[in-house]
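Novice: Below are the chains, spelled out letter by letter.
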Amino acid sequence: MTSVQPIPEALSALDRPNSYIGKTVPRPNLDRLMQGRGLYVSDIELPRMAHVVFVRSPHAHATINGIDVSTARQMPGVIAVVSGRELSTVITPWVGVLSHLKGLKSAPQNAIAIDRACWQGEAVAAVVANSRAQAEDAAERVSVEYQELDAVTDMRAALSPASAVIHASLGDNLAFERNHDAGAVDQAFAESDEVIEAEFIFGRHTGVTLEPRAVVADWNPAEARLTIYQGTQAPHMVQNIAALHLGLKESQVRVVCKDVGGSFGIKVHIYADEMATYALSKLLRRPVKFVADRVESFNTDIHARDHRCKGKIGVKRDGTITAFEIDDLTGIGPYSMYPRTSAIEANQVVNLVGGPYVTRNYRARARVVFQNKNVMCQYRAVGHPIACSVTEGLVDLAAMKIGVDPVEIRRRNLIADDAYPCASPSGLRFEQLSHHAALTKLVRMMDYEALRAEQSSMRARNIHRGIGIASFIEVTNPSAAFYGVGGAKISSQDGVAVRLDAQGSVICQTSITEQGQGSESLTAQIVGSVLGVSMDRVRVILGDTDNTPYGGGTWASRGAGIGGEAALQATKVLRRNILDVAAAILQSTAVELDIVNNAVVTVADGAPRIELSELARIVYFRPDTLPPGIQPELMATRHFVPREYPFAFTNGVQASWLEVDIETGFVKLLKHWVVEDCGTIINPQLVDEQIRGGVVQGLGAALFEKCVYDERGQLTNANMADYLVPMSGEMPDIDVGHVVSPTLESELGAKGAGEAGTAGAAAAVTNAVNDALKPFGTIITEIPLTPQVILTALGRI
Amino acid sequence: MKASAFDYARATSVANALELLTAHGERARVLAGGQSLLPAMNLRLIAPELIIDIGELDELRGVAARGGVLTIGALTRHADLQKSPEIAVHAPLLMDAVAHVAHPAIRNRGTIGGSLAQADPASELPACMLALGATIIARGPGGERRIAADEFFAGIYETALTPQELLVAVELPAQPKDSMHYFQEFSRRHGDYAIVGLAAQALVRDGRFADLRLGFFAVGDRPLLARSAGKLLDVAVTPAVLSEVSSALDEELSSLGDQQATPAMRRHLARVLLTRCVSSLLARTDLCAGVSA
Chain A
214 MTSVQPIPEA LSALDRPNSY IGKTVPRPNL DRLMQGRGLY VSDIELPRMA HVVFVRSPHA
274 HATINGIDVS TARQMPGVIA VVSGRELSTV ITPWVGVLSH LKGLKSAPQN AIAIDRACWQ
334 GEAVAAVVAN SRAQAEDAAE RVSVEYQELD AVTDMRAALS PASAVIHASL GDNLAFERNH
394 DAGAVDQAFA ESDEVIEAEF IFGRHTGVTL EPRAVVADWN PAEARLTIYQ GTQAPHMVQN
454 IAALHLGLKE SQVRVVCKDV GGSFGIKVHI YADEMATYAL SKLLRRPVKF VADRVESFNT
514 DIHARDHRCK GKIGVKRDGT ITAFEIDDLT GIGPYSMYPR TSAIEANQVV NLVGGPYVTR
574 NYRARARVVF QNKNVMCQYR AVGHPIACSV TEGLVDLAAM KIGVDPVEIR RRNLIADDAY
634 PCASPSGLRF EQLSHHAALT KLVRMMDYEA LRAEQSSMRA RNIHRGIGIA SFIEVTNPSA
694 AFYGVGGAKI SSQDGVAVRL DAQGSVICQT SITEQGQGSE SLTAQIVGSV LGVSMDRVRV
754 ILGDTDNTPY GGGTWASRGA GIGGEAALQA TKVLRRNILD VAAAILQSTA VELDIVNNAV
814 VTVADGAPRI ELSELARIVY FRPDTLPPGI QPELMATRHF VPREYPFAFT NGVQASWLEV
874 DIETGFVKLL KHWVVEDCGT IINPQLVDEQ IRGGVVQGLG AALFEKCVYD ERGQLTNANM
934 ADYLVPMSGE MPDIDVGHVV SPTLESELGA KGAGEAGTAG AAAAVTNAVN DALKPFGTII
994 TEIPLTPQVI LTALGRI
Chain B
-16 MKASAFDYAR ATSVANALEL LTAHGERARV LAGGQSLLPA MNLRLIAPEL IIDIGELDEL
44 RGVAARGGVL TIGALTRHAD LQKSPEIAVH APLLMDAVAH VAHPAIRNRG TIGGSLAQAD
104 PASELPACML ALGATIIARG PGGERRIAAD EFFAGIYETA LTPQELLVAV ELPAQPKDSM
164 HYFQEFSRRH GDYAIVGLAA QALVRDGRFA DLRLGFFAVG DRPLLARSAG KLLDVAVTPA
224 VLSEVSSALD EELSSLGDQQ ATPAMRRHLA RVLLTRCVSS LLARTDLCAG VSA
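Going down the list, the protein sequences come from chains A and B. Under this note's numbering, read the first sequence as residues 214 to 1010, first letter to last. Under this note's numbering, read the second sequence as residues -16 to 276, first letter to last.
If we strip away everything but chain B, and leave its shape as in the complex, we get (with noise of 0.2 Å):
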């Protein structure tokens, strides 16, 4: 379990990586926290010529807050997600996401803009992405381009970024304060893959949804913002609209199978979780019984 050998070089500058990047294309890596990196080199499943190590580029880290806008690095570590003062205020549906990712050593190394290039479907961070309304900031040979959430990730490991593009930050609405956001997966171990998860956020007003933006993920090739949640806006939520709902998210799923979940079992669970979702954000038992905490 050795890498092949490959080139190795240290950004200077964003300006410096771009430069690599254009020169070398899909023949080069870029490696920000290598968490899924380097495992698929060490398993030799990759074996890129050039790997561009961008981890000194201070100006990518951090996360700041300003008129309504929340402006993550891509080098943000998911540790300092989970620590940041902004994120807690601006998007907590983020810290409850990043609590899911893995294992601490992962977190301390793992960076947001390296999960959403990498864009496995079963990831946490994409399926907030999507739920959060954010824009995601590339840079390239052409300048900087803005890509909504919704059009960012095109499939298994793949995105609208170019070879020759840095993903450098996301941007974010900061959530109203009133706003509410659910978080959960399941995975057969903590901090594995989701077989299945849901990021939600949404205001609720006088017991009704006034917006649900549901984002799921490990349901297909991709994370899904689930429309079949406009169906339950400004009603009044009963198990009759929760179950033609659900019927709605089922015809939106195209899930996978693999070791863990038939295709069947994942688009079962993704009902449970709409349910579980909704009573919780409406606080409402009644839709959702036969759970304990």
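Just chain A, same shape as in the assembly (with noise of 0.2 Å):
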């Protein structure tokens, strides 16, 4: 690793010895997980527990002009057919709009569709019964009658005055619409060399977490209280909308986190069949579940991405970038989701674009329509792919154009190291980044000037490989500004609470959630660091509302930057109060004691004086041999928020090398690298697999993944088998490398590092196709690049 700042001089509590800070330690979760002893909801069985299935719409648009359930109520095993109508006595719409984003519309969504049904795969109605399988046979015998209404597909037709409009009340299908202008656009792209432009598509995806969407909702009506056992990025989050739309108060909802099989961005939002369930447990007075199935993943499961950008650079001869100007569109389906809203990629992109480059010159236009299918929302490194493809694709078309190899226009472009802080074109604010050291790390990393070699003596033998390179900015640790600001009750700020338990071991309680990424290991290496304890003596609660501190859950890379620092300061707390007691058991100074190994030493040899069980024993039993006036308080709670920056920025930069066979249009991956800038690592190993499964999911963007819609707006691939995720055969290694840029907003200096690597894979990929098919005069600005999309640009097919 690479520090670019200097080590400063005061030690901090990071730096005290046996610090897990750094290292890279197994997770205190791993075996219970690998030994299939891990809690998910489906696994979670309760006394008269029933289990839901939904009647889905088979149209992409239709009026539901009647139901009849008399046949499936009769089938075995059924408690109860629910419709739109009959549910909602229990529970309200919403309408996923934040005030912050101006002018963003959306209409009120039901937990079960009412009169008409917007994409296919929208409930219309639910079946509950004592199995699953009882609840689908049931649900084939609900009789549906549906008229097909037009169907807006194609994100392009939908503003067209043609196009029916799909709630009427809104007037048309423009949801929300950014733009932004700074600079002198026009004239710098006059006074430009040369203006290049192409038009970037991304095809919509999905996150295919490995566990599906899961919830057990218990209303128990003699406690009037609701207990929602859910697979949830954001525990707070869930209570609050529950809660707001069942009419409850919030301390009447307890939302229960257990282990969760992956969420990336999947489950951090509120999904109409969950509140559906959370209101059928209400109705119907005893524990209802729902496990989504795979088809329903595919169909329900917030899309992402689903952007057709069109893009301009402008260019001097001699490298030197002018401008930027983008015009992107997205459709979002039928609804914004709620309760961050459908308009957040679509700003990101505006906000990322032009981004690491110097130039000031940045004009963009941002639509977000509504369309027929399943909702789009955020998914891992929200617009990031999108911008960085954008823009990485035009530096790259600008380097070709002019002639300059693609590091060096980078090289030229890229704000220097030095330059900071400063501010992007969008008025983002960046605290430090490293793009030049990355760069030159990276350069370094994959011996650039060999594989150049080796890429033109394989051309001569007519193979054809590609190096692509891409730079990127990523946001995490997000402040108040992401959501809070628009008015949506989701907490940017986290808490954790440490006490010393009678045996000198540590419980710690923290609002942040684990979804496998390794937050409860940051968390306990964080709390042993701090403290002077083994990792084994902190055990780690997390995802219980009930039980944590109130805070944000894990998203948007927030936990180890936001979380980890309230783990730090509570633990801080935590030591000085052991220390305040030590030293009036020890007849000593708080500041001539420290705590190593589990025990109170001396500061000035390190001699143990006294081992924190035997502290907690007269803490907690023999209080009466205290000195008079110490009451001990071995419990301590803090909460953090970054309250100077919006965002902590970070920074890095991938390269892919590939090879194309020109005759199959199949693309090999051979290799990838990534250097990024997370600021404090915790646990090397942690961020390095955050890096490469982020890379990996961005691979699948880049050549695999997407769902397929026909014209009538049918996903026509809602299967593991016909959808592609991407899989361990066709990756490549990826090495990963860091520059360390503390964030001087903590003590901690952590940024997020949970989306740099799908941030940048796609643009590097893509960029690397087009420089193997150089030769063939050919440009590809479309992902997923399928054999089908190369050999019909290579003019084979």
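Worth double-checking, as some hints may not be accurate.
Claimed, not checked - Not everything, but these chain A residues come out facing chain B in the computed CB check (under 8 Å):
#1 R345
#2 A346
#3 D506
#4 E943
#5 R1009
#6 I1010
As the list claims (entries may be wrong) - Negatives, chain B to chain A, calculated, CB over 10 Å:
#7 H7
#8 L20
#9 D175
Derived by calculation from the structure, the hints in this document are not laboratory data. Since this is a predicted model, take the numbers as computed values, not measurements. Each residue gets a CB set at the ideal place from its N, CA and C atoms; glycine is no exception.
Hints are included, so try docking the two chains, each in its own frame, into the full complex.
Specialist: This is how it looks when you write it as structure tokens:
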């Protein structure tokens, strides 16, 4: 690892002996998960629990003229068959808008459709039975009379006056539009030696979590309390929303989130079928379980991307980039998703295009339209892959046009590492980035010159390999600027409580959540390091609104940076409190004492003075032996939210090395490199695997993943055979390197790392494919880069 | 994703299985490895009333080589084919092909009889049967029936089997020691169904084909034994000859379009496969430039 910042002179709480910070240590939850002892929602069985299956619209857009449930109600094991109208007596509809996204509009959405279904897969009735199989049998017998309506499917046609309007009350299909104009764009283009334009097309895809969305809702009428067991990234958000729409106080709703089998942003939203499950439990006064099957997951888990973005770049012959301009269009399905809205991705695209570069001249328009397809919303690296592919695609096109090497044009235009703090042309404030250090490291890791030589010699043998480079910035550690300022009750602060138990172990309750990325581990590492105890003494409790501090959860790469800092600060307080007690017991002073290896020691010589277990014994069982006036406080709570910067930006650069078979159109990924800067690294292995996992999701988008809709709005590949997720056999080795620029907003200095991999992978691959195809004069700006797309571009078919 | 309710019978003998099939006909489905049947049932694409599980009929399992004929029981699993010394010696094409069938977990359960009876046009084994000149052996109420592979496959998921018949074995002529084979398929990911594939068996004498059987798959509604291969026999293969055969192959194809490929792309890839196959079997890199291994 390279540090681009001087090492601070004062030692922090992290520089203590036996620190776990910066060390690869096994996750505390590994044994539980590896031995099959995890507890996922589908594992939960409660007394009197029923199972719900939803009857879903086979049409993209249709009025519901009638629902006949009489046969279904007679089927074995059926407890209830409930329509949207019946359910609306217990749950209110919602509208997915936020006030800071000016002009964003959407229509009221119901837990179960009433009168009209707006996408293929929208629930129109619920069948509750004693088992899932019985519910499925009965669901087949629910007879729904539909009248098909014109479906709006092509986002380009959605704004045409000839198009059907999905929600008449909204007037048209435009959900949101944002325009941005900075610097002097027209003048910059006029003064450019070359101006290059391209249209970038991004396939609609989805998250495909290993564990599907699942919820058990348990309304206990005797307590007047609803317990929701759900795999979610944001338990307190779910608590707030469920209470709001069921007419309850938040204190009447408890959300419990045990093990979660992957989220990637899919599980940070409020879904209609989950709301329906809460409402059904309240209506039927018993626990109800909903587990989405794989087909339902494809049809109802949020989709993402699906952008068409026109881009334009100006460049001078010396390689200076003069301006960027984009016009982005995206289709989001029939409703803006609740409560985070479906305008965020397009908004991010506007924010991020051109972000790594010096030029101040930037104009952007983004339009978000409704369509009769599944809902679209935030998925890992929201907007980043679009912005990065457009920006880096344009930069490569400019380089190609003026005959400058892709690495060189970036060197000439990336913001200098000593130019911070500064702001992007869209107004984003950067505290400290390291584009040049990252690029230098990347070039060295990949041996760029050697690869270029290899490429050249293989080309002579008619073998076509390409190198693609993509610099990126990533939004992490979001403050209230993301959602809170727009009126969403989504907390941007997180809290951690730590306490010493009676045997000197530590219990830590945190409001961040664990979905497989290692939140539990990083929390234990921080607590163990700061307190001076071994990690096996730290027990981390997450995912329970009754038993953790209030907080945002884990999304937008915020767990380590925000939750981690709260853990650090809470543990510092606990440590001070322990040392105060120790000083009283030992007739010393707190500054003369430290905690190392589970014992209080003398700072001067490290001599052990008292075991924490002994200290705890005295505090809890023999406080009578303490000096008068001492009231030990062996529990501490701290909360944290970044206040100075709305987001802690990170940066990095990726490279792809691949081969295109020009006869078959197949792309073989040979190698991938990433250098990223997430500030302080708590656990290098967790960070590297986050990066690799993110890259693989980006490579999926680049080559494989696409939700294929037909012109009538039917999703035609809603299964794991036809929707191609990236698999290990096709993945290259991914080398990861780091530059470390800690954020000074927190003592921990950690920024997020969860989305960096996804942000730039597709851009690197697309640039590499175009580099490989350079001899053929072919430019492809569409992903996924399927053999069909490549052969068509090459004119072979 | 729960299958509709169905009755289940575990056949105790081939005769018992045939009795059940005779009694229930199209309302019943035979369960062998279950790798195609069970997903289709769980997706409720099909809802058979009766499942006849033949999994315990050990007499249908195994590979035997006798008198120049290789007999493979219908219940022989893909994984068994991969490990069989008889297959390695007498039909090595099958070993190469099976490595392309899905993933190990599926190969551990899926059977050759199941694959052939399912007759997915994108499957590897049906095309191998064509290339190897196999005979499919079926038993029904009227006794045993021997069906040539090129008369067995009748369309997408359609075969010459009647609903009362059970596929019990396949017979392959053992390939001569100097016989050569080639297997390749284009699929988006390892283990996926092929976009286009080719199973070929050949005899090469003095740089010319003395025999050449090209079994294409995923090029139409059933595997195709290319007649145009005949044009390559006993001639000096030049790029011009290959180009002519390529055009002739094109005439034979009636490719279908799907999400992975248009018909035009399938035809193109079939021609690429032909070229690569011929180039590989004749060890003539001049016929096929620009491909790294």
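Novice: Once the shortest beta carbon distance from D506 (chain A) to chain B is found, is it less than 8 Å?
Specialist: Because about 4 Å separates D506 (chain A) from the closest Cβ in chain B, which is inside the 8 Å limit, the hint holds.
Novice: Go through the hint on R345 (chain A) and say holds or violated, using the shortest Cβ distance to chain B against 8 Å.
Specialist: Cβ of R345 (chain A) sits 6 Å from chain B, so the hint holds.
Novice: D175 (chain B) clear of chain A by more than 10 Å, beta carbon to beta carbon?
Specialist: 7 Å, violated
Novice: Quick one: work out the minimum CB distance from H7 (chain B) to chain A and report holds if it exceeds 10 Å, violated otherwise.
Specialist: 21 Å, holds
Novice: Let's test the interface hint: is any C-beta of chain B closer than 8 Å to that of I1010 (chain A)?
Specialist: 5 Å, holds
Novice: How about R1009 (chain A): closest beta carbon in chain B under 8 Å, or not?
Specialist: Given a least distance of 6 Å, the restraint on R1009 (chain A) holds.
Novice: With chain B as the partner, please determine if A346 (chain A) meets the hint condition of a C-beta pair closer than 8 Å.
Specialist: 4 Å, holds
Novice: Can we keep the E943 (chain A) interface hint, with Cβ of chain B closer than 8 Å?
Specialist: 5 Å, holds
Novice: Just want to verify: L20 (chain B) was marked as not at the interface with chain A; is every Cβ pair farther apart than 10 Å?
Specialist: Correct as stated: the minimum Cβ-Cβ distance to chain A is 15 Å, above 10 Å.
Hint check: a violation occurs at hint 9 only; the rest are consistent with the structure.
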